[in-house]
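Starting from the known structure of chain A, fit chain B onto it as the hints suggest.
Residues per chain are reported as follows:
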Amino acid sequence: MKIERYDMIVVGAGPAGLSAAIEAAKRGIKPIVFDENQRPGGQLFKQIHKFFGSKEHKAKIRGFKIGEELLAEAEQYGVKVVLNATVIGLYPEKEVTVRIGDEVKHYKGDAVLVATGAAENMVNFKGWTLPGVIGAGAAQTMMNLHHIKPGNRVLMLGSGNVGLVVSFQLLQSGCEVVALADAAPRVGGYGVHAAKVSRCGVPFYLSHTIVEAEGTDHVTGVVIGQVGPDWKVIPGTEKHFDVDTICLAVGLSPMSQLLKQAGCKMADTKGGYVPVCDEDGATSVPGVYAAGDVSGIEEASSAMIEGRMSGATIAEYLGYITKEEKESRVNELEAQLDTLRQGMFAPKNRGKLVEKTEEGIDVSMNLLEKGYVAQDEIERYPGVTKSKGIHPVIECTQNIPCNPCQDACKMGCIMIGKNITSLPAVDSNHKCIGCGMCVASCSGQAIFLVEEDVEPGYGEVTMPYEFLPLPEVGDKGMAYGRDGREVCAAEVTKVRTSKAFDHTNLLTIKVPNEMLMTARFYKAK
Amino acid sequence: MIDIQEKLKEIGPYVEAPDDYMLVCRCEEVTKGEIRKAVHEGFFTIEEIRRYLRSGMGLCQGQTCGKLVKGIVSRELKVAPTEVEPAVSRAPMRPMEMEILAEDGGVAHE
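Protein sequence lines, in the order shown, are assigned to chains A and B. For reference, each letter of the first sequence is one residue, going 1224 to 1748 in the numbering used here. For reference, each letter of the second sequence is one residue, going 66 to 175 in the numbering used here.
Chain A with its partners taken away, still in its complex shape (with noise of 0.2 Å):
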């Protein structure tokens, strides 16, 4: 029997495998990447969405994209990526079993990076069976690798990011997203991106559950009720939905079994069943490492910075660099996982409720219960001011790790400072020009501009908009609160699209002044 050996094996070609393959591979080692799927990049390529962060996390820029200079680094640096790889087992010796085509075939790896991500969690109720009950995931895949819209009305399970996140892309795709309901009392996700799904117009049913899909041999309906303390649904609370499709994004789950296979220490934790590792993700087989979401579910920018610390670390054990050398990538790369790892939403602070930010500001509690910052609540926050002319209003309530907006005031607007979780101010003592590059650079599309008086009466709201068709200058139709409900009529004076705003259109209405601090969203009539 053939055996191949590689120095360094790497199964998953998602963003940690890849990174820790072009850091291995700048230190000169050849390293193989066997991934099963058709395509490389994992979950990257369904990502259409700015990513947050900072510059060094690639913040503000697409997901997709960030896959594709992820893989042209993997080509500069002669990763090998090989597709339709499925590994089937890994052997405590690093022996690896991959099927290629009709073959399985043998390799044997002096180390061996585990990158196999994770996968999405299920709920039963009554009819969870049907055709039209799908992944999140899947709905992403479809509409976002394929260009198939997953139904026509769609009610979304979970408020994580991933709920929020996939029903702002089903509304993009010309979905009707006829509610969004989770069985915790508070919403999950970014207060931003459960913003922007809110001032659409889509409900929140918060403490509430799904207690059957209807339908015979396809989804029909839905019925959601109220969960009590018990979890159980209260009678007479429950709600019914025409809907044919019903999404599910309650969680993901590592898919460690390789790990466990090769004798790697396990735990059993609140977030999977996961390898133990030290924090360069070396697990306690000598040689087998893991990274991302296997060991544990974050995000792709934290699996990209992870799979660089394992490429460093496995380049220092098959003695490429020292331990010097690798030690000084490693903290540097720590750092940048340190900062995304900051926050409300920070591992730490999980299940928890934050009451106050880090300012002591009250969290606004009418976004964690339905989605949106009421209008009493908005005016607390330091991006919310008021001037007669034009200046941003930065509805950004949350401690989140991101800055793209203060980089992208050119005129010295936006303030957040060192600490990259703090909430950008808007500083008067500079004059805002309107150019709408923080409108465009916010990954949560939660920067406005606002303008009193443009005619007597008259202001004008400029707002991101990333939907098609793009309204034309001169159209009616209504503007939209943030709690999605119609507030006035509004004219369209100006639609900006240029490629610095990256796909994010700039789409000016015109409402009486006294709906300025209101109108935020706009639909066609």
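Keep in mind that the hints were calculated from the coordinates and are not lab data. For glycine and all other residues, C-beta sits at the position ideal for the given N, C-alpha and C. A few of these clues could be false.
[What the hints assert, rightly or not] With the C-beta cut set under 7 Å, the calculated list includes, among others, these residues of chain B facing chain A:
1) 133
2) 154
3) 159
[Claimed, not checked] No farther apart than 27 Å at their CA atoms in a straight line, the calculated lysine-lysine pairs in the DSSO-like style are these:
4) A:1488 <-> A:1372
5) A:1722 <-> A:1633
6) A:1462 <-> A:1611
7) A:1654 <-> A:1611
8) B:132 <-> A:1488
9) B:143 <-> A:1455
10) A:1455 <-> B:102
11) B:97 <-> A:1462
12) B:132 <-> A:1571
13) B:132 <-> A:1483
14) B:132 <-> A:1349
15) A:1493 <-> B:72
16) B:97 <-> A:1349
17) B:132 <-> B:72
18) B:102 <-> A:1493
19) A:1303 <-> A:1249
20) A:1349 <-> B:72
21) A:1349 <-> B:143
22) A:1575 <-> B:143
23) A:1575 <-> B:132
24) A:1483 <-> A:1317
25) B:97 <-> A:1455
26) A:1575 <-> A:1483
27) A:1549 <-> A:1303
28) A:1317 <-> A:1225
29) B:143 <-> A:1493
[Claimed, not checked] Covered, in the sense of this in silico footprint (three residues per stretch, anywhere, with C-beta under 8 Å from a C-beta of chain B), are these stretches of chain A:
30) 1339–1347
31) 1472–1481
Using the frame of chain A, we list chain B on its own:
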């Protein structure tokens, strides 16, 4: 080691529930009731349940129902899900044709 008799006494007899009919493992068509009943028959680990009912042994290899089965077993046993002993991981990690598996390492012998 769990004392099976003691544990069975502690958890009491199997009581029918209205959602027992619900499919949990789609691939092998195993219902919630079957899993609950199996626990009361003394099958406490995921490995035992898999061998007894075939849950998680189908096309998706437990990717969909794994966590759900664990939850049902843990509730029946009145312990945290993390205390339920998981199944062993074996190759092949993904479903594949026996024909291909048989040719592993060379052409199959006629």
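- Query: Given the proposed pairing of residue 97 of chain B with residue 1349 of chain A, does the C-alpha separation stay at or below 27 Å?
  - Reply: Between residue 97 of chain B and residue 1349 of chain A the Cα gap is close to 12 Å, so the pair holds against 27 Å.
- Is the Cα-Cα distance between residue 132 of chain B and residue 1571 of chain A 27 Å or less? Cα-Cα ~23 Å, so holds.
- Are the Cα positions of residue 1349 of chain A and residue 143 of chain B separated by 27 Å at most? 24 Å, holds
- Measure nothing beyond the straight line between the CA atoms of residue 1575 of chain A and residue 1483 of chain A; if it is 27 Å or shorter, mark the hint as holding. Violated, because 31 Å separates the two Cα atoms, which is more than 27 Å.
- Given hint residue 1349 of chain A paired with residue 132 of chain B - CA-CA distance at most 27 Å: 18 Å, holds
- Within the region 1472–1481 of chain A, is the number of residues with a Cβ closer than 8 Å to a Cβ of chain B three or more? holds (count 4)
- Task: Sort out whether residue 72 of chain B lies within 27 Å of residue 1349 of chain A, counting only the CA atoms.
- Result: 31 Å, violated
- Does residue 1455 of chain A lie within 27 Å of residue 143 of chain B when you go C-alpha to C-alpha? 17 Å, holds
- Message: Checking one constraint from the list: CA of residue 1455 of chain A to CA of residue 102 of chain B, max 27 Å. Satisfied?
- Response: Holds, at roughly 22 Å.
- Query: Within a Cα-Cα threshold of 27 Å, do residue 1575 of chain A and residue 132 of chain B meet the stated pairing?
  - Reply: 23 Å, holds
- Is residue 1722 of chain A close enough to residue 1633 of chain A, meaning Cα to Cα at most 27 Å? Distance ~17 Å between residue 1722 of chain A and residue 1633 of chain A Cα, so the pair holds.
- Message: Can you verify the interface hint for residue 133 of chain B: is its Cβ closer than 7 Å to any Cβ in chain A?
- Response: 6 Å, holds
Checked against the numbered hints listed earlier, the structure breaks hints 4, 6, 20 and 26; every other hint is satisfied.
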